[in-house]
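Chains as they are written, first to last, in this note's numbering: chain A, 1 to 135; chain B, 1 to 135; chain C, 1 to 135.
These are calculated hints, taken from the structure and not from any lab test.
The reader is advised that the hints may include incorrect statements.
Pairs count within a copy or across copies, as identical chains cannot be separated in the list.
Below, a list of computed lysine-lysine pairs in the DSS-like style, where the Cα atoms sit at most 30 Å apart [said to hold, decoys possible]: (1) Lys91 with Lys16; (2) Lys16 with Lys133; (3) Lys102 with Lys18; (4) Lys133 with Lys91; (5) Lys99 with Lys133; (6) Lys133 with Lys122.
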Amino acid sequence: MFTVQLLSAQTNTIEKKKFHFGREQDTTAGYAQVVKVDNILYVSGTVSTDISSAGIQRIYQTIERSLNYFGASLQNVVKENLYTTDIEAMKTHNEARKKMYKGDYPAATWVQISRLYMPDAKLEIEVIAHLPKEK
Amino acid sequence: MFTVQLLSAQTNTIEKKKFHFGREQDTTAGYAQVVKVDNILYVSGTVSTDISSAGIQRIYQTIERSLNYFGASLQNVVKENLYTTDIEAMKTHNEARKKMYKGDYPAATWVQISRLYMPDAKLEIEVIAHLPKEK
Amino acid sequence: MFTVQLLSAQTNTIEKKKFHFGREQDTTAGYAQVVKVDNILYVSGTVSTDISSAGIQRIYQTIERSLNYFGASLQNVVKENLYTTDIEAMKTHNEARKKMYKGDYPAATWVQISRLYMPDAKLEIEVIAHLPKEK
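Given the sequences, and given the hints that come with them, work out the whole structure.
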C-alpha cells in the first residue's frame, strides 16, 4: 500500500525552480525565497526590522531582485500579504511601498500579528507573481 | 545591467485585469479588490467592523459582487483566509457564512490576529477563486 | 439583472475535487481539507495542540495523506503558511518539519498570532501544492 502511494507520488513529480540569493534554498530554516511552478512564482515572506520608508523600500527591492531572477518585476505581482507588528507605522510609510509598485497595485491583505520569525522583525511581506503562460 | 533586467521584465509582462467597485484600483491605500491573471481571481481582504450575521453576510455579498464582475460566484472560491480579532464570535455566526457558500465549501484557514487595517475592523476575509480554463 | 449575473456565474462553473478524510467536506465548520482545481491543490490549515516533534510530524503526515489522495506528496508543496501561538517553540522543533520535506523546501511564511480556531490549538499549517499540468 505504501509502495503504491509512493509510486503514485513519484509519477506526479512536478518541475519546481527555486531561487535563494545565490543558493537554491536555505537549508537552516528550511525554505526557498522563491519557488516557481508552471508560470507562478511563490515568494516567501521578506522581512524588515525597521518600519520606515527605507526599510519598506529594502523589502520590495529584495522581492524585486528575487522576481528579476525569473525575468519578472513587481509589475508581475498579483497578490500581496503583509504581516506587521505595527500596522499604523506601515500605513504612515505606505508611500514608500506605493512608489515601488509604480501605480500598478496587487490584491492585498494587511494584518497586525503578535510577532514574526526573528524576535526583532516588525514587517514581513509575501507575494504571488505570475509570468506569461508558457506556450 | 539594469537595462538588461528591465528589458527582461518588460518581455515578461503579464495581462492583469482589475476590479475595484467602479474603479480599476484604490490608489490611496494602493490595492485592487480583485486582480485576475490567467483564470485565477485573487480577491483582497474584505472587511467588516461588525461580527454579526448581517456583517458576515455583507462581506460575502461584497466578495460575490467582486466575483460577479468576472462572471464568477462564491461557488468559484477554492480557498478562504479569514482573519478576525474575535474567532469565537465568528464561530457563533458561522451559519451566516455557510449560507452564502450554499453548502459548497472551500479550503479554509481561520486565525485570530491583533488588529486589521482600520482600527475598528474586526473581520477580514480574502479568497482565491478560479474561472474555467481559457481554451 | 440578478438573472443575468446568475446565468453568467453558471456559465463559468469550475470543476473542483475535494478531499476531507473519507468525506467530501466538513459541513459543520464548513470547509474541505483539500480543494483541487486545475492542477492546483489548496490545503486547509491543519492543526496541532502540541508544538513538539511528534505534534509537528502528525500535522505533516495529515497533510501528506491529504496530498496522497490526489497522487501528490510533500514534494509537490510549493508554498507553506505557518501560524502559531509560539514561534520560538516551532523554531526549536523545526528539524521534525524539515525531515518531513526531505530536504526539498517550499516558499514559506511563519507568523505568531493570538489564537486559532480551537481554543487549545497552538500550530496551524496550510500549503499549496501543484500536480503536473494536465495535457
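For each hint, the structure was consulted:
1. Lys91 with Lys16: Between copies only: 26 Å across chains, 35 Å inside a chain, cut-off 30 Å.
2. Lys16 with Lys133: both (15 Å within a copy, 12 Å between copies)
3. Lys102 with Lys18: both (26 Å within a copy, 16 Å between copies)
4. Lys133 with Lys91: Neither: 34 Å inside a chain and 37 Å across chains, both beyond 30 Å.
5. Lys99 with Lys133: Classified as within: same-chain Cα gap 27 Å, cross-chain 34 Å, threshold 30 Å.
6. Lys133 with Lys122: neither (35 Å within a copy, 38 Å between copies)
Of the numbered hints listed earlier, those contradicted by the structure are 4, 6.
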